[in-house]
Every structure is written in C-alpha cells, then in structure tokens.
Amino acid sequence: MGAPETPSEPPVPGRDPARHRVQRELGGRKVLMDGEGFFMHAEDWTREAALTLALEAGLARLTDDHWKVVDSLREYYFHHGRAPLNVELKKGTGMSLLELEALFPGGIKLGARRIAGLPNPKTCM
Amino acid sequence: MIYLDNAATTFPKPPDVLRDMVEIVQRSGVSPGRGSYDMATEAQRLVDETRAALARFFGTPDPQRVIFALNATDALNLAIQGLAQPGDHVVATRLEHNSVLRPLYHLRRQGVISYDLAPFNAAGTVEPEAVQAALKPNTRLVAISHVSNVLGTVQPIARIGKVCAERGVPLLVDCAQSAGVLPIDMEAMHISVLAFTGHKSLLGPTGIGGLAIQPGLEIRTTRFGGTGIDSRSLTHTQDMPHRLEAGTLNFMGIIGLSRGLDYVTQRGVGDIHEGEMALVRRLASGLGGLDNVEMYCAESFEERAAVLTINVKGMHPSDVGAILDGDFDIAVRTGLHCAPLVHETLGTFPEGAVRFSPGPFNSEDDIDRAVAAVTAISRSSAGR
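Residue numbers (our numbering), protein chains in the order written: chain A, 1 to 125; chain B, 1001 to 1384.
Next up, chain A with everything else stripped away, as it sits in the complex (with noise of 0.2 Å):
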C-alpha cells in the first residue's frame, strides 16, 4: 500500500501534451502546432509540410495510397468542417481502416491525420 498523495498543483493538465503550444518552421512557413505536433490551423498545412512530416515519422517517401488518405482527409475536412467519421474516412479512401492505420507509421490519428495537417481531435478519444 503506498502512501496518500497530495496532488501536485496542476493535477494533470499540465501534463497533458495536446495543451502545449509549439511554433516550428515547416515548408518554409511558421506553424503553430501542439506538443503531440497536430496543426493548430489546418490551413497552414502545406503538401511540403506533409512530406517532412511523413519524414520525421519515418516514410522516406508518400506513396498514391498516402496521398489519397491525406486528400481525402483534407477535402472532407474543408468540406464539412470537421474529420470524416469512421465509415466516412473507409469510404473516402476505399481502404479498411486496418490498411489505413497499417500504411502510415503511428496509424490513423497520430500519422495520418497528423500528416494531413487535420487539428488534434477535442473530444478525450
């Protein structure tokens, strides 16, 4: 049995690192992005910014496939104001969302939709 804790003053928040704030350079433009390294605004996002990304996670390269999930994000994305639910994202990539996490390193939300420059989902997912 370990001993009763006083919380730390924040409890959590402060560790939580999609509430941190970074501003890095990419594609040749500043971007604002949080500490899991989302896009804060996804109109900052450009195909440059997505191949560096897709570097720093590990793609040499982004393949048909990978551009056609970053497109089909981005388009619904601007289209609807928000990220395509599960059985939208399947539709709009023709792919199982099992190929889909499979093809970018870190899966669906923390390679594909990072690399798409979508922001960090709100919801505690």
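I should point out that these hints are in silico values taken from the structure, not numbers from a laboratory.
Fair warning: there could be bad hints in the mix.
[Claimed, not checked] Here are the simulated lysine-lysine pairs, PhoX-like style, with alpha carbons at most 25 Å apart:
(1) A:Lys90 x A:Lys68
(2) B:Lys1136 x B:Lys1162
(3) A:Lys122 x B:Lys1313
(4) A:Lys30 x A:Lys122
(5) A:Lys90 x B:Lys1313
(6) A:Lys122 x A:Lys91
Please arrange chain B on chain A, whose structure you already have, making use of the hints.
Below, chain B alone, put in the same frame as chain A:
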C-alpha cells in the same frame, strides 16, 4: 452494431422506458407539484413514487432525502460543494473520475479545502487502511467510487465505510458504475450519501441522476430558485428534497429512470451482474492468448463489474477504437475515460486504453465477434 460501451451509457434501453416516457408525458407532462390541478398532482405522485423506489433500492429510509440532479457528476458537485467548508480536508482516491477530482481541485484552488488521494493497489482496489492513513483531524469528507470506471474493480465500501463511521467522517460514494449491477445498502455499508445516474445500469435516459442522503447528513444549498413551495420568501427552502432541487424537475427523465429501475428490480441486480460478468470473463478468456494485447487488472474477476480495459501493443487506443467501429461495427470507449490518474498509475497516460463494457442486452456472439476483431487488429500490429 455491437454496443460495448455500456459503462458510458447503457444501450439499448428496456422497451418500457421510452414507451412510458412518451405515453406519460403525452398524458400528464406538466410541472410536478407546481399547480392545484389534477395533472400536476398526478405528475407529483409519479415523482414521489420514484423517490420511494430509489430509497428502497439504495437502503435509505427517507424518500424525501432522494433528490434529483442531471447525472452523477452534477449530483457529486452538489454533495461536495454542499458539504465542504473552509479549512476542511477531504480524502478521495486515485481511482476517481473527474466528477470528483475536478470539484475538489476547484475548491482547493479557491482556497476552501485541502485534499489527499489514497492510492489503489495492483488489483485496482483501495484498501481501507489506505483511506485510514489519509485521514487527518480536519478531514470532513471521504469520497470514493464504488466501482472504477476504468478497471471495473469493486471497492470495499462497507469496510471503508466502517473506517469513516468510526472517525465520524461522512462517506460520499460515487455509484455511477454500480447502481443497477451491485447491491447497495447505505445503512449496512455506512454510506452517508451516494450519487447515482439514470443512464447507465439503472437503464434510464440521459439527463437524470441524483443523490440519496442518509438522515442526519445536512448538505448546504448551492443552487437557489423556484421550488413550488414557500414562494413568498427570498430564502431558498431548507425542506428536503427542495433544498437541493431548484427549478422544474426533469419529469420525462424521472419517468424513464423509474421504468429502468422497474426492469432492474424485476430481473434482479444479481442476475444482470452475473450475465454481464459471464460476458466479460468470456472476453478476457478470448483475448488472454494474444501476445500483444495487454489487459489491465484482469488476473481476477471477483469483486468486479463488467468492464475490461486493454491495449494493443504498438497501436494507439483511439485507432483501435476507430478500427473496431469502422471495420467491425463494434462500439467501445477509448482514451482516458475521464479518470486520468488511473491511467497515470497504469502507465497508459496520456494515450489511455480501450474499454469494453458489455451490458444486459449483449450476447455471447457479440463477445465472440469482439474477440475475433481484436485478434485481427493485434495480428496486424504484430506483423510489422
């Protein structure tokens, strides 16, 4: 759709719940107790009957001390803010949901209280000795979940209640995950006040919950407004239940809660719990052989509610949830489950984990399909 997120909200509901919500509101959906006409009296009778049924269900003698709120979070806020006074010390635990952690943190930031958190052991249990060790001379409240919403572990409330009773400290129990699947007897378990919600295992709708308060415990008013009685006074009435209820009640929600409670009492808490636990054991057994699936607090399923939390190694839990939903039509809850300290202790912060929580209407086939889905996901992850 295979729905395995019943720890968040049970789905579907028994047919009587929605049917009677609609029928009764169509017939007499007026302000309960706010008028001298028969429909208002009839609405009040239904509210009173629900209070009485809840008092019986929780083993507390006075139905007037069952008060309605929006949900367990709302009820916990009423209890914590209505009990804590300047200079008080409060004991809670690392198992708690933000519905307890955040009100406590807010009060501490306001300079009202101090608090300490008792740890839980490797089995996911807060030992009574841990609560005892956290008590101070100025401790005026102990708050603890009956069941962890992340781990499903049942806390030894009766023994913790005994510790509190011996020290004369009120015990507040968050029954969000237990009401409807575990027997609760406030008297026998030394519970001073409990918070419940309608939309989980009591099988009612969202938007209705409340407190059950033992005689002798006085919770201060922290909301003020219309009650339908004593309207000449600018002072909010101190009569129960109105002391803690301001404004027109969620009559439709109360009807739904009442019918959900009817279903639970007719089928039996034990029967529902047994059925759900059989499904969780089947799930754990099915996932147990997968090398890259990590299950938390799954060594024993004694003293448990029907929750199993896992991670697939090498895969983000939100991706596992998305794949289960998008590819396999299975709904689960991923992330921190509003209980960040549990995940800190498990080492799963900040990504969290994947929580499966079967309900009273799931089948063995649902579980077998979930096992098959996680197997496919884990193979994909392992094959890299």
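Hint numbers contradicted by this structure: none
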